[in-house]
Each structure stands twice: as C-alpha cells, then as structure tokens.
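Chemist: These protein sequences, in sequence, are chains A and H. When we follow our numbering, the leftmost residue of the first sequence carries the number 1, and every step to the right adds one. When we follow our numbering, the leftmost residue of the second sequence carries the number 1, and every step to the right adds one.
Check before you lean on any hint, since a few could be wrong.
[As the list claims (entries may be wrong)] Derived DMTMM-like pairs (lysine to aspartate or glutamate); straight-line CA-CA distance at most 20 Å: (1) H:LYS264 with A:ASP267; (2) H:LYS32 with A:GLU137; (3) A:LYS273 with H:ASP267; (4) A:LYS32 with H:GLU137; (5) H:LYS273 with A:ASP266; (6) H:LYS5 with A:GLU319; (7) A:LYS317 with H:GLU137; (8) H:LYS317 with A:GLU165; (9) H:LYS5 with A:ASP117; (10) H:LYS264 with A:GLU165; (11) A:LYS5 with H:GLU319; (12) H:LYS317 with A:GLU137; (13) A:LYS273 with H:GLU319; (14) A:LYS273 with H:ASP287; (15) A:LYS23 with H:ASP287; (16) H:LYS264 with A:GLU137; (17) A:LYS32 with H:ASP267.
[To be verified] Footprint (simulated), chain A over chain H, 3 or more residues, beta carbon under 8 Å: (18) 22-35; (19) 91-104; (20) 130-138; (21) 247-260; (22) 321-329.
Everything labelled a hint here was simulated from the structure, so no lab data went into it. We treat Cβ as the ideally placed atom computed from N, Cα and C, and that holds for glycine.
There are 2 protein chains.
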Amino acid sequence: MDAHKQLTIGLFGFGVVGEGLYKVLQQTPSLKASIKKVCIKNPEKKRNAPAELFTTDKNELLNDPDINVIVEVINESEPAFEIVSTALKNGKDVVSASKKMIAEHLPEVLGLQKLTDRSFLCEAAACASIPVIRNLEEYYDNDLLHSIKAIVNGSTNFILTKMFEDKLDFQQALLLAQQLGFAESDPTLDVEGYDAVNKWAFLLTHAYGIVEHPDRIVFNGIQNIQAGDANVATEKHYDIKLVAQAKKLQNGKVAAFVLPQFVKHDDHLAFVKNEYNGVVIESGFADKQFFYGKGAGSFPTASAVLSDLSALRYQYKYEYKKLYHHKPQELTNDFYVRVYVSFDDWKFIPKEKFEWIEEWHAETDRKYLVGVLPFEELRNNRWWRENNTSLILSPDAVIEDVEIRKLKKKSLELAGIV
Amino acid sequence: MDAHKQLTIGLFGFGVVGEGLYKVLQQTPSLKASIKKVCIKNPEKKRNAPAELFTTDKNELLNDPDINVIVEVINESEPAFEIVSTALKNGKDVVSASKKMIAEHLPEVLGLQKLTDRSFLCEAAACASIPVIRNLEEYYDNDLLHSIKAIVNGSTNFILTKMFEDKLDFQQALLLAQQLGFAESDPTLDVEGYDAVNKWAFLLTHAYGIVEHPDRIVFNGIQNIQAGDANVATEKHYDIKLVAQAKKLQNGKVAAFVLPQFVKHDDHLAFVKNEYNGVVIESGFADKQFFYGKGAGSFPTASAVLSDLSALRYQYKYEYKKLYHHKPQELTNDFYVRVYVSFDDWKFIPKEKFEWIEEWHAETDRKYLVGVLPFEELRNNRWWRENNTSLILSPDAVIEDVEIRKLKKKSLELAGIV
Chain A
1 MDAHKQLTIG
11 LFGFGVVGEG
21 LYKVLQQTPS
31 LKASIKKVCI
41 KNPEKKRNAP
51 AELFTTDKNE
61 LLNDPDINVI
71 VEVINESEPA
81 FEIVSTALKN
91 GKDVVSASKK
101 MIAEHLPEVL
111 GLQKLTDRSF
121 LCEAAACASI
131 PVIRNLEEYY
141 DNDLLHSIKA
151 IVNGSTNFIL
161 TKMFEDKLDF
171 QQALLLAQQL
181 GFAESDPTLD
191 VEGYDAVNKW
201 AFLLTHAYGI
211 VEHPDRIVFN
221 GIQNIQAGDA
231 NVATEKHYDI
241 KLVAQAKKLQ
251 NGKVAAFVLP
261 QFVKHDDHLA
271 FVKNEYNGVV
281 IESGFADKQF
291 FYGKGAGSFP
301 TASAVLSDLS
311 ALRYQYKYEY
321 KKLYHHKPQE
331 LTNDFYVRVY
341 VSFDDWKFIP
351 KEKFEWIEEW
361 HAETDRKYLV
371 GVLPFEELRN
381 NRWWRENNTS
391 LILSPDAVIE
401 DVEIRKLKKK
411 SLELAGIV
Chain H
1 MDAHKQLTIG
11 LFGFGVVGEG
21 LYKVLQQTPS
31 LKASIKKVCI
41 KNPEKKRNAP
51 AELFTTDKNE
61 LLNDPDINVI
71 VEVINESEPA
81 FEIVSTALKN
91 GKDVVSASKK
101 MIAEHLPEVL
111 GLQKLTDRSF
121 LCEAAACASI
131 PVIRNLEEYY
141 DNDLLHSIKA
151 IVNGSTNFIL
161 TKMFEDKLDF
171 QQALLLAQQL
181 GFAESDPTLD
191 VEGYDAVNKW
201 AFLLTHAYGI
211 VEHPDRIVFN
221 GIQNIQAGDA
231 NVATEKHYDI
241 KLVAQAKKLQ
251 NGKVAAFVLP
261 QFVKHDDHLA
271 FVKNEYNGVV
281 IESGFADKQF
291 FYGKGAGSFP
301 TASAVLSDLS
311 ALRYQYKYEY
321 KKLYHHKPQE
331 LTNDFYVRVY
341 VSFDDWKFIP
351 KEKFEWIEEW
361 HAETDRKYLV
371 GVLPFEELRN
381 NRWWRENNTS
391 LILSPDAVIE
401 DVEIRKLKKK
411 SLELAGIV
C-alpha cells in the first residue's frame, strides 16, 4: 500500500527561491511532486525553465482541479495573502515562505486552516533550513517549554559578525553584506528588525499559542549599534546578537521580544556567526536543544519547502496544540530588563525611569550606563531608540517581578546608598 | 474532521526511560495517548504507578486488540526483537529505543516493516532529543547528502570533556561519569564504541540507504586514549571527540566509521561538551546544519518517544527513501586516512603500512607519529588498538584515492626525500 498523495504543484514566484525549488525538485524524483504551472508577474524576464511552464494568470493555478498544492514564494504580502486564502478555500494545501504575510494575517491564516481543514505549512518562512516550526509542533507541550531564543535574521547576524571579527563599522559591514547578497538593496526590513519580529510573531504561535500582531511585540534592529558598543562588548567578553526570545515567567505568562543583546562567548548563540541562524530551546523533557543552519538563500529555503512538500504526502497539518488543545499563553509586560544604553548626551536619557543604575561611564564622548528598566518602558516610549541612543540587553536580561525588590536592595547596598 | 488515531499503548520496560515516558504522558494530555499496560520483568520491584498497570506476561500486551502501539524501551536485544517482530506481525505500530537490537537485526526490522506495512519509529534510539532520523528522512535526498558527522555517545563525550577541561585521566573521568549517572557500571558498551557504532549502523540506513551489520563498520572507542594524547591535542589546539562519520566520496561510494578524532576548536563538534550529542550534516541544498541536544537520560529519551507517538497519530512511517527509491549507496574501504598514533614502543607499529609519515616524536616515554594509512589497514588489522597503542584521526582525516598521489609527492618533497 502506498498512501502517498501525488503532489501536483502550482508555484507562485520564480525568484531565487522559486527557481531553487524548481531545480531541487528536478533532482529529487523520489518525492513524486511535479510543478504543473508557475505564476509570475513579469512575463518578459528570461527564465531557466520551459516557457510553457509559465503564466501570469493566477487563476490558471488556483482554479486548476489537477493542482492540489499551491507553493507561494512571492515577496509582496497582500497578493500572497490573497493567493493563500483562495487556494485554501479551493481545497488546495498550501506551502508558504511569506513571513510578512503570515505575521500580518495570522488570525485570518489560522481561521482559514480551521475553516477549510487544509494544510498550511511554512517551515521556509522562519530559519529556512532549520526545522524549527515542526519541532515546536511535535516536541514541546505547552507547560514544558521554558524558553526559546533565536537568531532568526541572517543579514543582521552577518553584519554584527563582521563588526566584531573584522572590526568594520556598521555601514561598512552592511555594504559587504549587500555585496555578498546577504542583505537587500533596501536593508530596512532586515536591519531594523521587522523581518525578525515578523518571524517571531508566528513562531510564538507554534511555541506558546500566542497570536499577536508583530506591531504589538517590542522589537528593535541593529541600526543604532555603533563601533563603541562593539568595543564595550569586546571588553566585557561579549558578542552582540539580535536575539528573538520568549520566556515563560513564574506568573505563568510569557515575556517575548526581539532586541539586540550582549551574549557570552560560551552561549550557544555566540556560536552562530555570519549569515547563519540558530535556535536554542529549553524545555522540561528534552532539556536544552540547539539547532543551527542557514536561515535564508535559494537552496536552504527550497529545502525547507521540500520538507513541507514531503510532509504533505502523508497529510501532515500543524495542530497548533498550544493554541487549541490548551489554554493559550498570554504575553506580559510585567517584568524588568537589565540593559546597556549608550548615548551622546544625558539629556536623552530619562534616568528616573530606571529602577536602578549599576554602571555609568561618562568619561568619553560616547557615554553609557547599565541599569534595570521596567519592560513597560520599552513598550510605551521610544527614547531608547531615538537621538542616536543604542540599547542592548544584558545577558540573562529578564528579571521577574518577584525578584526585583531583593535585587534592588542588593544593588543599592553594593552602591553604598543604603 | 479529526483524523487522529487514538493511541492505546502497551509499554515494555519501566526503567528510567519507561517511567520517564509514563510521567511525560501524564503531563501531555493533548496527545490523547494512554498507556493501557506495562510489561515488566521483575514484579517484586516497587513502581511509581498503580499496580494494576503492570504485568509480566508479554502476551497480555501483544495480543490485546485494544492496544494499537507497542513502545519498547527494554535493555536486552533479543527479547526486544521478539517483542517488535510479534507486535508488527500483530498489526501494531512500534516505537523502539533499542539501538543494539535495531543495529543487529536491521535487515529483519526492515523486512518486517515492508511485510506488515506498520510504522516502526525509533528516534529515541539515536541522539534522543535530537530529531536526527526524522531529519535524515525528510530533509535529504540521496545525491545531496555530502557528509554527516556526529557525537552519538554521551558517556564518552562526558569523559573526554573532563579529560580536557579538568585534566582528569581516563579512569578518573570514567569514575566521575559513573557517579553522575552518565556511564553504566559496566561501561564497556559505551567506552569501547559499541553503542556508537550500533547507532551509526542504522543512521547510515536513513542517511544513505546502507544496510550493514555494525561488526562490518570500522570503529573504536576511547579506551586507549591517554593523558599524553590529550596533551598533544591541547598543544595542537585540538579537542578529542569520538566521531561517527560518513562521507560521500568522488567515486560515489561512502566512507563511514566511528573513531576518536582530533577536532579543531572552531569545529561544530568541539561545541558539544559533557553528556551532550551533536550532529553536523552537510548537503547540497540545506548547506550545513548542526543539531545539538541531550542524547540520553530519562526525559530526553522519553521526549523522543513522545515525538514518535505524536507522528504515529497521522500514520507517519519512515520511507527509507535512500534504500527503496534510489540505488542505495555502497560502503567503501578504498580511501586513506591521516592519523595520529601514540605507542609505547616502535615494535608495535608496522611502519611499512603507512603511505608516508609526516611527524614522529620519539623523545619521550610515550612516542607518537602522524601519518597516512590506507583505510583497509584499519579494517584488516588490529595493531592500532592493541598493546596500549592509541589511534586518533586527524581533522579532515579522509583522503580520497584520487588525491593520494599528489599529496604523497608533496609530502615527500616537504620532507626533502625527493
């Protein structure tokens, strides 16, 4: 008996990923998956595939009863959502790599899966070759996932690596990333953290059943990080990484954000260099797991799509266990974070907002402090990312509500204030 | 529609893993999997579960039509094979953690899966919490897997870590591992490499479609490694790891073995310390992936069983694509390895067997050399693991047949011989 579904694919998009997938499928006949038609925007562009494969009419794919899988690897979020909605409603399974679309339309995408009972798989949308979604779905049960932290954006990680290893400044490192194809010509989405928070939004759904618009998650990119910050990090034996993280607090709620962070050299994430991604999961049963691989690029992304196609053959669906089978977790802002802040002038820093300040260095042009802030402050105000101010989380930045009083007292004692 | 199979489990074994699984299942009600009966050997032993759960009669489980899944986590290989065979023949799916049984009965286990069309899942049998089998099955197609190397035995990795980080000698490190529960009271299986090569035998099936008895795979453990070897490694800025590896050669065949190896500090495997396991996979599409996690222990192993149970609900089966959908790969001995050998006396070393020797150090009590051997020599003779001789692979040890002449010439030139 061979229960495997024969996959007849309608592919949207033939950029680096789409073409990568086409090539990969040609080299993996065992999958019994074939692309019947590819919908593209620009029919004039020369393609490395037979002309009869292409169309510009999306309905040729969406209304073709032979096509049972739509693979969507286009860049624009709104057209992607339209394609995905129609495909699911037309009874087709969907594989998508559009992180922005998924993040921005999360409730609708979830609703459509329920409504149509079709599969919607998107391993390629986050960390590409790292099977993070499937692992979060299969390995972890709600109460057991203590924390997850990850480097989910390869461009920023490449830039930070070059700032540290080759002592480039931010602009030089960005230029190099662009030259090597690790950053877009308009790098804003990557550099300012939008791409990372988009991915984090739906990874939080798979990890904790949290359904939150990316706009509601506190995030920043690496655009404010300066060579001086890298020097301080090096002095303290830290790297700087853009870390997406979520942690279950003692009050049962979840702290989650995407922010630059000082990372110790023996931290798993310090191991993740250049354009690579990495995910560290701590749980009650599996203990600590670390996944590492390429998070972007034509073939790594195509390989993730391939693994989703492979799973479709046995009707695999995400169950969103933490969302539907449990009481979903809630996000909270009710905790504190230890932060490093560097700045040009004290006037930009609302010192009174800090619970306490542990270090201050005002001797140079570029000043900095280390102190503890209520997380609410990051959420409600923007001084920490304006006026050339740079905020970087300390290692183990999260301080729980229940610990703050004790720590504050200790800190004030150390400073000789009480 | 909820197509999920309700899982009614018959469990064999209630040691640390069996009891771990019992506890884990109690904490994961969403899985809708319940243990109906547990078969144990010793009814006198006090168990942390209701008495009515237990039986000593295997047929109570194997012949119960309600039970649709047999989970087998016992230690002895032959009884495990009997249980697995009967369960599959009786139409039940099977989850097994018995690496020795799987390795030794590989052709029969494969045959039974074909014959019965039932699922046989064994993620827990190799690297526990690291989903290596599922990834090899889902992510990699035959022609694309360039290489896989792994640390698959936590006991030996713990011992080696302690030899390096705390400068313990082998016996001290072994004792510590035993005290902490990372090594058995009879450590032979772990220390001498049997456990690692057993896992490697069936991982080779998932990776390359190779079906080979573990006896036919060249392996060694770490029993011969001495403090002096660790000193040499430290001088050369290497760690020593017990590395299971397989590499596709230019002639299309596969080199595979389990041997101690010098590993550079920036190698992914150097990152794997103490009782952890790690797997590095290099492939054409996904590029380089690295998986890291606990490879043994009650909960990590139970979590792997759990993920198999979760997969059973949607009738997941291993496809053994590389075995059935492709021409399976063949193992070869037709290559060379660069090795470090330390020894007490030259008389134990057949110098004439080396293609060339690059370094020799005879000034101390403990002598050593670095040279290149035909791999056949390791396969056919045992001098390299007898008489207190210790053989450790160099980093990037494999030298292909097509490269050997060029390298030999270069080496002899360097030595001033030609």
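Chemist: All hints, please: hold or fail.
Modeler: Here is how each hint holds up against the structure:
1. H:LYS264 with A:ASP267: With Cα atoms ~18 Å apart, LYS264 (chain H) and ASP267 (chain A) stay inside 20 Å; holds.
2. H:LYS32 with A:GLU137: holds, 15 Å
3. A:LYS273 with H:ASP267: Status holds; Cα separation ~13 Å.
4. A:LYS32 with H:GLU137: Measuring from Cα to Cα gives roughly 15 Å; hence the hint holds.
5. H:LYS273 with A:ASP266: Satisfied, since the Cα-Cα distance of roughly 11 Å is no more than 20 Å.
6. H:LYS5 with A:GLU319: With Cα atoms ~14 Å apart, LYS5 (chain H) and GLU319 (chain A) stay inside 20 Å; holds.
7. A:LYS317 with H:GLU137: holds, 18 Å
8. H:LYS317 with A:GLU165: violated, 45 Å
9. H:LYS5 with A:ASP117: The given pair, whose Cα atoms are some 17 Å apart, holds under the 20 Å limit.
10. H:LYS264 with A:GLU165: holds, 18 Å
11. A:LYS5 with H:GLU319: Answer holds: LYS5 (chain A) to GLU319 (chain H) is near 14 Å, not above 20 Å.
12. H:LYS317 with A:GLU137: Holds: LYS317 (chain H) and GLU137 (chain A) sit about 18 Å apart, inside 20 Å.
13. A:LYS273 with H:GLU319: It is violated: about 34 Å lies between the C-alpha atoms, which goes past 20 Å.
14. A:LYS273 with H:ASP287: Distance of about 15 Å is within 20 Å: holds.
15. A:LYS23 with H:ASP287: Holds, because 15 Å separates the two Cα atoms, which is no more than 20 Å.
16. H:LYS264 with A:GLU137: Outside the cut-off at roughly 35 Å; violated.
17. A:LYS32 with H:ASP267: violated, 37 Å
18. 22-35: n = 5 at 8 Å, threshold three: holds.
19. 91-104: violated (count 0)
20. 130-138: holds (count 4)
21. 247-260: Violated, because only 0 residues of the stretch 247-260 of chain H bring their Cβ atoms closer than 8 Å to Cβ atoms of chain A.
22. 321-329: Our answer is that it holds, as 3 residues pass the Cβ test (under 8 Å) against chain A, meeting three.
In terms of the numbered hints stated before, the structure departs from hints 8, 13, 16, 17, 19, 21, listed from lowest to highest.
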